[in-house]
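Go by the hints and put chain B onto chain A.
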Amino acid sequence: MCQVGEDYGEPAPREPPRREQKCVKCKEAQPVVVIRAGDAFCRGCFKAFYIHKFRAMLGKNRLIFPGEKVLLAWSGGPSSSSMVWQVLEGLSQDSAKRLRFVPGVIFIDGILASVGRTPGVFTLALRSAPGRIPFPRGKWQISHSSSRKHRLAERGLEGFPLGEVAPHPAWLFSACGRSPEERAKTLAEVKPILQAIGFPWHVVALEEVFSLPPSVLRCSSQEPAAPEGAYKAAVDSFLQQQRVLPQPRVQPPRDPQSLVRPPAAAQTEALSHLFCSVRTLTAKEELLQTLRVHLILHVARAHGYSKVMTGDSCTRLAIKLMTNLALGRGLGAWRPGFSDERHGDVVVVRPMREHTLKEVAFYNRLFSVPCVFTPAVDTKAPEKASIHRLMEAFILRLQTQFPSTVSTVCRTSEKLVKAPRDGPAAGDCGPRCLLCMCALDIDTADSATAFGVQTSHLSQIHSPTPLTETGTPQGPCCSPGGAWAQGCCQRSSRREDPQACIVEQLCYGCRVNMKDLPSLEPLPQYILAEAQLRTQRAWVLAELRDCLIEDSDDEVGQS
Amino acid sequence: MAAPLSVEVEFGGGAELLFDGIKKHQVTLPGQEEPWDIRNLLVWIKKNLLKERPELFIQGDSVRPGILVLINDADWELLGELDYQLQDQDSVLFISTLHGG
Numbered sequence: 001m002c003q004v005g006e007d008y009g010e011p012a013p014r015e016p017p018r019r020e021q022k023c024v025k026c027k028e029a030q031p032v033v034v035i036r037a038g039d040a041f042c043r044g045c046f047k048a049f050y051i052h053k054f055r056a057m058l059g060k061n062r063l064i065f066p067g068e069k070v071l072l073a074w075s076g077g078p079s080s081s082s083m084v085w086q087v088l089e090g091l092s093q094d095s096a097k098r099l100r101f102v103p104g105v106i107f108i109d110g111i112l113a114s115v116g117r118t119p120g121v122f123t124l125a126l127r128s129a130p131g132r133i134p135f136p137r138g139k140w141q142i143s144h145s146s147s148r149k150h151r152l153a154e155r156g157l158e159g160f161p162l163g164e165v166a167p168h169p170a171w172l173f174s175a176c177g178r179s180p181e182e183r184a185k186t187l188a189e190v191k192p193i194l195q196a197i198g199f200p201w202h203v204v205a206l207e208e209v210f211s212l213p214p215s216v217l218r219c220s221s222q223e224p225a226a227p228e229g230a231y232k233a234a235v236d237s238f239l240q241q242q243r244v245l246p247q248p249r250v251q252p253p254r255d256p257q258s259l260v261r262p263p264a265a266a267q268t269e270a271l272s273h274l275f276c277s278v279r280t281l282t283a284k285e286e287l288l289q290t291l292r293v294h295l296i297l298h299v300a301r302a303h304g305y306s307k308v309m310t311g312d313s314c315t316r317l318a319i320k321l322m323t324n325l326a327l328g329r330g331l332g333a334w335r336p337g338f339s340d341e342r343h344g345d346v347v348v349v350r351p352m353r354e355h356t357l358k359e360v361a362f363y364n365r366l367f368s369v370p371c372v373f374t375p376a377v378d379t380k381a382p383e384k385a386s387i388h389r390l391m392e393a394f395i396l397r398l399q400t401q402f403p404s405t406v407s408t409v410c411r412t413s414e415k416l417v418k419a420p421r422d423g424p425a426a427g428d429c430g431p432r433c434l435l436c437m438c439a440l441d442i443d444t445a446d447s448a449t450a451f452g453v454q455t456s457h458l459s460q461i462h463s464p465t466p467l468t469e470t471g472t473p474q475g476p477c478c479s480p481g482g483a484w485a486q487g488c489c490q491r492s493s494r495r496e497d498p499q500a501c502i503v504e505q506l507c508y509g510c511r512v513n514m515k516d517l518p519s520l521e522p523l524p525q526y527i528l529a530e531a532q533l534r535t536q537r538a539w540v541l542a543e544l545r546d547c548l549i550e551d552s553d554d555e556v557g558q559s
Numbered sequence: 001m002a003a004p005l006s007v008e009v010e011f012g013g014g015a016e017l018l019f020d021g022i023k024k025h026q027v028t029l030p031g032q033e034e035p036w037d038i039r040n041l042l043v044w045i046k047k048n049l050l051k052e053r054p055e056l057f058i059q060g061d062s063v064r065p066g067i068l069v070l071i072n073d074a075d076w077e078l079l080g081e082l083d084y085q086l087q088d089q090d091s092v093l094f095i096s097t098l099h100g101g
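Residue numbers (the working numbering), protein chains in the order written: chain A, 1 to 559; chain B, 1 to 101.
Extracted from the complex, chain A is given alone in its bound form:
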């Protein structure tokens, strides 16, 4: 029994694994990599372990049916490259163990890179009121890599001396577009890999967010969950067909030049303007992530893919979970499980969710998996540049001292369940955030929460003006309870204000992000249009609800 004052002493230090020891699995070969906390694996056993984890993840969660079209989201980075390679190897195995779905690959071109705009100065923006957070003092070495030096030299800004940068209340880490040469170089590296892989591929420029339809933000109705035996029955029937019919050959890739069109200069300019107007790196990263998800969803729906596979590894998911908690997203926005069903008809799955970044990096190196390195928005960003970076540094530092940190965070997150809410907000039919499509946790009675305060604050901003536009009188038209109680009378004036239209459709996390955009005008049109539509629809619904004699669910649903 544990007692106060009893001396337990230090735990016996664990012997680090040595090269002279044998692989823990086969006990024969020399180990090459240490996995988890001290298990040394040889090359062969490591490969088997890695592949087995991938296949087991797919097999355990019986979500992908035989013959289903699955879109692989490939960023060029190590995790997604590894995932694509696993799928490729899985499809080419002998028939009993072969993967049975039909893959396609999507690559989004034009992910932004960080470029210092102000000559010689890198500045940082932190998500807080100016002046409240202490900034690192002292000398900051100001230098640039040779590639960027070349570009800056063209503008006559060469030669940056070591200088002392005094702390400044607002530090801006600016991230703008990459040059066309850099993009062309990346594409030149990407295309041969896509051709070698052999799946149908889609290279989409990030600028295409400006051509997305508002329907991408609507959560399409989900297929009802298949009954228990349906998966097994589908597999049996598929295998039977395979025995009877000859094997179809994998489709050869389409003609490359039909798929890659350079984006219009106006769109590139608009994208650059949007991201340059965002004040903090945190908001930039969040916005980028949101736009990428929308783009992938659109392509998946357009080409008939019902599943999207992303290469999120265990480490990344642990970091993402903690970052989301820090950003105020809670559990509504993003579940860290195998599948993400927020978008309804398209389900996002994460087959790499039990692989750590170390395992991925080792596998890619030992077995020569091709990757394409593309600088991102936060490349070379200092540790405190954004909440994402801070959380990444925190988790990774903890992981070096406590090797089970990441796996514990992931496993614990699986056990977290959101408490069921009463009322119409629960379930698919409740309102959803415009951008991240999580269920909006609206409870206007609960003004003690930050969200409740924001909601009431919003209605106070647009203070009641005489409603001459619609002529609707104030007073008993507001129905008590429900999502729109506080804003009803001000809604008609707010309908005309696009900023308010968008903000009131967002969850708390997305609202906090939007605060870092001085104006919501540069956002792509589909977001503005859908926000307008939803606000109008809600207003009409509320108006009609007042007119009904009997407030029954059937009648409201029909109107």
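Hints were generated in silico from the structure; no laboratory data involved.
These numbers come from a predicted model, not from an experiment.
It is possible that part of the hints are untrue.
[As the list claims (entries may be wrong)] Heads up, incomplete: computed chain A residues facing chain B, CB under 7 Å, no partners named:
no., residue
1, Arg19
2, Pro31
3, Val32
4, Val33
5, Val34
6, Leu357
7, Phe373
8, Lys380
9, Leu396
10, Arg397
11, Gln401
12, Pro403
Glycine included, every Cβ here is placed at the ideal spot set by N, Cα and C.
Chain B alone, transformed into the frame defined by chain A:
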């Protein structure tokens, strides 16, 4: 007294950005009193190869968390990490796992 050593130092996963974009460096470590181990190598790299942002590569005595070190294609944890004594013609690879997805 350590003789001069010729080692290949390689960077991957985005770490090469801190080294002028060059992935492979064939380096000759000068002879010195103490034997060359990874600890000394890191100091040498910081002084001679690292072009910018040392805090993104090195933290204190060791590499930043998130950067893997492979010595002759084997995990450095099997070889003693910072205390591994370098041999001639060794290959040391630093992979940054922090970039990409």
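Do the hints match the structure? See the list:
The closest approach between the C-beta of Arg19 of chain A and any C-beta of chain B is roughly 5 Å, which is under the 7 Å cut-off, so the hint is satisfied. Interface hint at Pro31 of chain A: satisfied, since its Cβ lies 6 Å from the closest Cβ of chain B, which is below the 7 Å cut-off. Given hint, Val32 of chain A at the interface with chain B, holds; its Cβ is 5 Å from that chain's nearest Cβ, closer than 7 Å. With a least beta-carbon distance of about 5 Å to chain B, the hint placing Val33 of chain A at the interface is held under the 7 Å criterion.
With a least beta-carbon distance of about 4 Å to chain B, the hint placing Val34 of chain A at the interface is held under the 7 Å criterion. Because the smallest distance between the Cβ of Leu357 of chain A and any Cβ of chain B comes to about 4 Å, under 7 Å, the interface hint for this residue holds. Using the Cβ-Cβ criterion of 7 Å, the hint placing Phe373 of chain A at the interface with chain B is satisfied: the shortest such distance is roughly 6 Å. Among the interface hints, the one on Lys380 of chain A holds; its C-beta lies about 6 Å from the nearest C-beta in chain B, closer than the 7 Å criterion.
With its C-beta approaching chain B no nearer than about 4 Å, Leu396 of chain A sits inside the 7 Å limit, and its interface hint holds. Proximity of Arg397 of chain A to chain B holds as hinted, the smallest CB-CB distance being about 5 Å (cut-off 7 Å). The criterion of a C-beta within 7 Å of any C-beta in chain B is not met by Gln401 of chain A, whose closest approach is roughly 9 Å, and the hint is violated. With a cut of 7 Å, the hint placing Pro403 of chain A at the interface with chain B is violated, because the nearest CB-to-CB distance is about 10 Å.
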